[in-house]
Structure formats: structure tokens, C-alpha cells
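Visitor: So you can see what is in the structure, the chains are spelled out below.
Protein chains: 2
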Amino acid sequence: MASKPRNERRQFLQKAGLGAALTGIASTLSTPIWAKTIPQELTATLPAGMRQPGSEFSNYGQPSTHEQGVIRWISANSAASGNGVSWTPLHDLQGTITPNGLHYERHHNGVPAIDPAQHQLLIDGLVNQPLSFDIKSLLRYPMQSRTCFIECGGNSNSGWRTNPIQTQAGYAHGLVSNSEWTGIPVKLLLQEAGIKPEAKWVIAEGADGASLNISMPLEKLMDDALLALYQNGERLRPENGYPLRLVLPGWEGILNVKWLRQLRLTDQPLMSRDETAQYTELQTDGKARQFTFLMEAKSLITSPSLGMMLPDNPATYQVTGLAWSGRGKITRVEVSADGGETWLDAELQGPILAKAFTRFNLPWHWQGEYAILQSRATDETGYVQPTRETLLDNRGKHGFFHYNAIVSWEITEEGDINHVYGF
Amino acid sequence: MASKPRNERRQFLQKAGLGAALTGIASTLSTPIWAKTIPQELTATLPAGMRQPGSEFSNYGQPSTHEQGVIRWISANSAASGNGVSWTPLHDLQGTITPNGLHYERHHNGVPAIDPAQHQLLIDGLVNQPLSFDIKSLLRYPMQSRTCFIECGGNSNSGWRTNPIQTQAGYAHGLVSNSEWTGIPVKLLLQEAGIKPEAKWVIAEGADGASLNISMPLEKLMDDALLALYQNGERLRPENGYPLRLVLPGWEGILNVKWLRQLRLTDQPLMSRDETAQYTELQTDGKARQFTFLMEAKSLITSPSLGMMLPDNPATYQVTGLAWSGRGKITRVEVSADGGETWLDAELQGPILAKAFTRFNLPWHWQGEYAILQSRATDETGYVQPTRETLLDNRGKHGFFHYNAIVSWEITEEGDINHVYGF
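Protein chains in written order, with this note's numbering: chain A, 32 to 454; chain B, 32 to 454.
Honestly, the hints are just simulated from the structure, not real lab data.
Note that this is a predicted model, so its numbers are computed, not measured.
All C-beta atoms in this analysis are idealised placements derived from N, C-alpha and C, irrespective of residue type, glycine included.
Some hints here could point you the wrong way.
To be verified - Cross-link-like lysine-lysine pairs, in silico, DSBU-like; alpha carbons within 35 Å at most:
id	chain 1	residue 1	chain 2	residue 2
1	A	Lys67	B	Lys218
2	B	Lys67	A	Lys231
3	A	Lys231	A	Lys218
4	B	Lys360	A	Lys360
5	B	Lys227	A	Lys167
6	A	Lys360	B	Lys251
7	A	Lys218	A	Lys167
8	B	Lys67	A	Lys251
9	B	Lys167	A	Lys67
10	B	Lys67	A	Lys67
11	A	Lys167	A	Lys231
12	A	Lys251	A	Lys218
13	B	Lys360	A	Lys218
14	A	Lys218	B	Lys227
15	B	Lys218	A	Lys360
16	B	Lys227	A	Lys67
17	B	Lys67	A	Lys227
18	B	Lys67	A	Lys360
19	A	Lys35	B	Lys167
20	A	Lys167	B	Lys67
21	A	Lys318	A	Lys227
22	A	Lys167	A	Lys251
23	A	Lys251	B	Lys360
24	B	Lys35	A	Lys167
25	B	Lys231	A	Lys67
Unchecked claim - Computed footprint of chain B on chain A; a stretch qualifies when at least three of its residues, placed anywhere within it, have a C-beta under 8 Å from a C-beta of chain B:
id	segment
26	118-129
27	236-250
28	386-400
Isolated chain A, as found in the complex (with noise of 0.2 Å):
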């Protein structure tokens, strides 16, 4: 069902008044909400699995046929070859962990097919000792793990949009992934090559068609930087930049850079096309927003939201999604069900790691009246994520990256849901 007019929804919501049906967990556990009583049939008969031998092991796994409609959304540019981006489907995934095979992509000119045995990593420039590592040697040094969100600086961008686009939670907002990433701390690999002291930016270069590169400050690669080899326990995949990728907990996806060939020190950072022409916004004022590395807060709901429905009322829906912050950790999740008059807690889901996915959950007792759903995002620097109004009031309404506004999902009376700017 279409969405109700702006000049409408306050008055809608103002009547259900809805902030007091944000109910807590034990609402729900004294009386049956969705079981049945068991049906004669089901205690007759065994299941058809039950009565016959079920296939044999597999070396590697996949997922159920009945689940192939879970799938990374593709969105690629038919003018220019492997130039585009999947989305992971948020809204049909739970916990925190994206496994590998729904990870996000962007790529710039495709998935370079590499060879581990012919690959190198090139550090040079302003360093002591110019170094190259093939890739059986860098598996011998200390590795160290780091459950850390990657995040596309484009990610969202269709909030800059006048009109809200109707599409999935994932496939709007699902150029955001988490993964337990494990390699190399690349300090230790800098200090092998020894750096010179008026070395302040690292170019880093891809190996791939597009030889994407990008600039990055030196302080951020001996902060929390990793070269990672592995992802949630296995090596990379092609698409996220077997063998090799830079993984800057909490930085700008495209930072992050896939088929990692060089790391090359210098004293300014290369001004390159991903850095001057793309990543970086005209503002109003005039000046441009560059190098705007860090991910803000950001939280979003995966359930209920576009594509889903409620199908019952009076009816107790779990409300959840996800938090993440490229400061650190996520301390609050707010949840309105009135576009943002009243708010309540969800419960975070633990463990609460910095940069990374963070579970947020809440009951919610529908009873069949107009809602907004909306949720809000406190970080430990007690950054709060921003009304669509705001974001747009700071950053001009004709913006591209690092849109990290409160989403809304309409609710109508019939349990159809749209996404809607606030109200």
C-alpha cells in the first residue's frame, strides 16, 4: 500500500499514540503467541525425510536450495566492465558475522583472477629498505584477528535522494559488512622496511584492472591497520581481494584496497581520481569534504522493513537490526515507533566490539495502527546518528558519500510497510 502523505502521518501517529507500545521482553513470555496446538496428522505419520537415507558429506557446503533467493543484489554499470557494487541483504540476515559468500562488493573494473604464487607486495618510497613479500612468507608473520565492519563511503546514497527509494533494507543500505578478518599488523611490515621521517601518506594500489589507488595517512596504517589474509576463518575471497586486502578498522570502504600489490610512503597524499573526482563532495559553502576517511554512526532496522509484512494484529513483532560506528563502540540503540516522538532502549547484543556490528533488538505489540519505525545510534564518543533534516541541513541537499541518517519504515494499518524521510 502507498504510503500516506506527509501532511498526514503526525496526525496518525499522534492518535495511535504509539511510544507507550514499545513493551519489554517479558510481555512475551507468559502465553503462547504464534504455536498451535499439535495437529492429529503431524503425530501420524513421519516426514518424508524420516523415512529415507538423506544425502552424503560434502568438502565444502552450501546453502539451502530453499534459500537461494538470498543473494547479494547486483547493481553494476552495463557501459563499463566490472564497475558497480553488490549489495549484502541485510534484511534477511541475522547476528553479526556476514558470511563470506554475501560480503558486500565494489569493484572498480572487476575481480582480478590471481595467481598466490605470483603475487608480491611492493613497500617503497620514503622507507630505508624498498621490501617485497610473496605471499608464502607473509603467511609465516604474527597474525592477529579484528571483527570490523567495511562500509562503502557511497553507502546509502539514496537518502540524498528527493523522493524515498522503495527498496530492501540490504539493497539500500547493504554496502556495510562484517567479518572476523585476521593478517598481518602493517606496522610490523613498515618497520621491516624502515620509515623515513618525513614520510606522512602511504599510496596504496590495488592489482587490479582498474590499478585503483588511493591515499591514506601513515598514522592510520600504524594504528590499527591489518593485511589481511583471512576472512571469518578462511582466506579471502576473490571478490574481497584474494590473496590480499588492507582492512583500516572503522576508514572508508575503498580504503580497504582489495589485490593489495604496493604500499609506497610518501610525504603528500597522490591526489588521485578516488580521492579528488570521486570520494569527496562539493559542499555549499563552496569548499569540498576530502579525505573524510572516518564511518560515522549509523544504525538502520532489518526487520520489520520494506518487503516484509506484518501479517497479525494485535501481534507482538520483534523489532532488530544492526549499529556500528567507525569511532568505536556502539553504547545506545534508540527505537521510535512514532517517526521520533518518543523513544525507547533496545537491548544490545554482546559481545559489543569497537567498528563492528552490534545486534539491537526490541519487542514491539502491534495493534494494527499507523507507525514509523525509526532506530538512533549512540556511539562512545557519544556521537547520536542524525535526522535525515539534519545531515541534509549540514551537508547540502546534493550529496553522494557518508549519508548515515535515521531510515524510517512506515507501517500502515493494513501491515505493509514503506520507507518513508520522517514525517
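Place chain B on chain A using the hints.
Guide: Positioned in the frame of chain A, the structure of chain B alone reads:
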């Protein structure tokens, strides 16, 4: 190269004086270890992958073709369809998450093909109101995530053999995997059915061809058991119980019933095949160990390990592995290079989670001497992983289940690696 005879090992170790060779991580920082200065041909031409567009986006990613050897190793009973195991290749993995395609399998009669639209979970027996739940309904319940290991009670059982098996680490000890499971606290569903006071046990049954059923104390289900629907973010894989499995953190694998169809509350255990003829052990005193639910603390060096070799000396190698305990958190892992004469504390990779894999790391400077590498885990209850000698003294020589003794890797002077039983 073949192992040294047992009576020669101690004198080799004493000669080498190896305790001192386990060094701190700082020793790797000062000078290039495996890197080479950059050969000219690397800078003269671009790699092939950079001279052409790469491959296109994919809806669901797969591992690199260069990693096709990283598989579950299948060990199935050819005389009984779908009966056997497949092993997680722990020696090929890093970090702590087991990717879904490589989670170990233990099936008694294969993997049933279950249509989630037809599947029902029944809760009956000593309840006030027997209930059935379809998957669609279950997906609307409040969920929690829990990262934990699941380990088969028969994991590592080759340790009971008279001679040490010469098999890669994961293919002897990889009936254990670690995932982020997401699902419904079982407690919620049992409370909806209403638990009668005389209920003490629960019989869980899977919807597979073996109709696998097994008894477990009600108390555990009311504690931290999950009815899991998701594994590492996505819906369960068929071989891991799609669409539903029990997860009993820290308890024997067989209790984590896959393809769960029924929970029947009773006042006593069922005494089914898999808790009497199997998963029960006659002891030397004529009594039997039965209902040995808890998986005790254990650790394993995954690298260096059998099937690898140490190519260079003198050189620094990273000793890394996994530790876990069904009782709670791992608090300490010690590593020995002299067969248990002297020990050094390894670094534990955080976050350290209860009943989950903890990765440990320690750099080891090897100079070509004879060595026996071991790891020893301690958990938060103070339980210390036993030597094989102690385990056999306590449990007899003819055991099969719950083998958690220290594993010894012999390093020959040539850098070959063998499995030995201490010295």
C-alpha cells in the same frame, strides 16, 4: 622423516635446551625476516590481472580456485548410507570463526532434504499444553546470538590408539567448529508450553533418516540452550540442521540435535541407542561413564603441525592454535618446545568468549634443533588440559569419547613434523 624412537627423544631435547628458544614478539620487529629487496622485473611490468578487466559480480561468492584443497575431509562408513563424519581443516584456517562451508559434519543417516514450509517443531510430554511451531512463526520470536564451539564427543579419538596417527591437525581433531549461532532461547518456548513440575529430562529428536533421539537435562535447556535458525549470519546450512537445530553451548555435539522436530519433556532419560550403546564408555573398574555432557578444556597447535614443514633455519615461526572449554572462558594457554619440560604463556587473542574458540599465538625462534611442540589450556574453573599419560591413567586405555589430552608435534632437525605421544 620418521619420528625418533621414544627413548631417544629426551636426550635430544636436553641437548638442545629449548625452553629459552620461545621468544617474545618483539624479536620479530627489528629486521626483515622473509621479505626480499624488490627485484627489477616486479616494477618493470604490470601483473596480468592489471592489464585486463576482471570477472563480474556474483550473487553468492565462492572460495578461490587456488584454495580448492581446503576442504572437509570425509570419513564415512561405506556400509551404512550417510553414516560418518567430515572434518574441519583446522590446520588451514586462521582466526576463530569456522566458515559455514567447512563446519564439521556428523551424520547418522545422511542429510535430510527438508522443506521449511512443511517442517514443524513439536513440544510435548510433561507440559501443560502440547504445542507445534512452524518456521514462519519461529522466525518472529525474539532471538539471541551466541558464538560458541560445537565438538563431537568422538573428536580426537585416534588418541586412544597405541601408535600416534600421522594425520593433519584438523583431520584428527577437527570434529569441532566455532560459529555465531542465532536463534530463540529454548526456555521461551518451553515456558509457552508450560512445564509440569515432574519434568526433569527432555528427549530431542531430529527429522533425519536415523530418527536420532537423545536425552538431556531440562535444566540445560532452561539455561543457555538456543533453538538456532542462523549460523554466521545466514540461515543454517542443510548439513548443519536446516531449518532448525539445538545449540547447547559447551556440551557434546550429539546433543546439539540437527533438523530438530520434537522436544518431549519426561521425568527420566530415554536410554536410547546413542546414550547407551554409543556415547557411553566402560571404565576399568567395570562402571560406565554415561551422560558425559560437558566438553572439557582442550587446545591444539594448528601451525606448525603435521603436513607442514619448517623450511628455513635459523628462522622465527609463529606457533598458533586454538583452545576451548565447555566450562567457560580459556584463561591461559602455555606452549612448550621441549615436550613439556618448560612452558611459556602464549598470547590469547581477544575477545575471549566463554565456550568458544580462543586463538593463541607465540613466536618461536628455531635454529634447526630437535623439538617437541605442545600446548596446554587452562579454563576459568582452573581445569588444566591433561597429558595423554594422565588421561589414560584416569580413563583406561580403551576409551573412545572425550579425548582431550595435550597433542605433541615432533620437529626433526630437517624441519619435518610428526605426531608423537610425548616422549
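Visitor: Taking the hints in turn, state whether each one holds.
Guide: Hints, one by one, checked against the model:
This hinted pair checks out: Lys67/A and Lys218/B have alpha carbons roughly 17 Å apart, not beyond 35 Å. Note on Lys67/B and Lys231/A: the hinted pairing holds, with a Cα-Cα distance of about 24 Å set against a maximum of 35 Å. For a cut-off of 35 Å, the pair hint linking Lys231/A to Lys218/A stands: about 14 Å separates their Cα positions. For the suggested pair Lys360/B and Lys360/A, the alpha carbons sit about 22 Å apart, so the restraint of at most 35 Å is met.
Between the alpha carbons of Lys227/B and Lys167/A the distance comes to roughly 61 Å, so the proposed pair goes past 35 Å and is violated. At roughly 32 Å between alpha-carbon atoms, Lys360/A and Lys251/B fall within 35 Å of each other, so this suggested pair holds. Between Lys218/A and Lys167/A the alpha-carbon distance is near 19 Å, which keeps this suggested pair within the 35 Å criterion. Restraint check for Lys67/B and Lys251/A: the C-alpha separation of about 25 Å stays at or below 35 Å, so the hint holds.
In summary, the hint linking Lys167/B to Lys67/A is supported, as the alpha carbons are separated by about 12 Å, within the 35 Å threshold. For the hint pairing Lys67/B with Lys67/A, the CA-to-CA distance comes to about 68 Å; that exceeds 35 Å, so the pair is violated. Simply put, Lys167/A and Lys231/A have alpha-carbon atoms about 29 Å apart, close enough for the 35 Å limit, and the pair holds. Between Lys251/A and Lys218/A, the direct Cα distance comes to roughly 9 Å. Compliance with the 35 Å bound is thereby established for this hinted pair.
Distance check on the hinted pair: Lys360/B and Lys218/A sit about 30 Å apart at the alpha-carbon level, within 35 Å; holds. Distance restraint check for Lys218/A and Lys227/B: the Cα-Cα separation of roughly 60 Å exceeds the 35 Å cut-off, and the hinted pair is therefore not satisfied. Proximity of Lys218/B to Lys360/A is assessed by CA-CA distance (about 30 Å); at most 35 Å being required, the pair is judged to hold. The straight-line distance between the Cα atoms of Lys227/B and Lys67/A is roughly 19 Å, inside the 35 Å bound, and the hint therefore holds.
Taken as a hint, the Lys67/B and Lys227/A pair is honoured in the structure, with Cα atoms around 19 Å apart against an allowance of 35 Å. For the proposed pair Lys67/B and Lys360/A, the alpha carbon gap of about 39 Å is over 35 Å, so the pair is violated. Proximity of Lys35/A to Lys167/B is assessed by CA-CA distance (about 29 Å); at most 35 Å being required, the pair is judged to hold. Only pairs whose Cα atoms come within 35 Å are accepted, and Lys167/A paired with Lys67/B is accepted, the gap being roughly 12 Å.
Under the criterion of a C-alpha separation no larger than 35 Å, the hint pairing Lys318/A with Lys227/A is consistent with the structure, at around 33 Å. Taking the CA atoms of Lys167/A and Lys251/A, the gap is about 26 Å. The hint holds against a cut of 35 Å. Simply put, Lys251/A and Lys360/B have alpha-carbon atoms about 32 Å apart, close enough for the 35 Å limit, and the pair holds. Distance hint between Lys35/B and Lys167/A is fulfilled; the C-alpha atoms sit about 29 Å from each other, no more than 35 Å.
Distance check on the hinted pair: Lys231/B and Lys67/A sit about 24 Å apart at the alpha-carbon level, within 35 Å; holds. Here the segment 118-129 of chain A counts 7 residues with a CB under 8 Å from a CB of chain B, which clears the bar of 3, and the coverage holds. Given a C-beta distance limit of less than 8 Å, the hint that chain B covers the segment 236-250 of chain A holds, as 4 residues qualify and 3 suffice. Three residues within the 8 Å Cβ limit are the bar, and the segment 386-400 of chain A against chain B gives 3, so the coverage statement holds.
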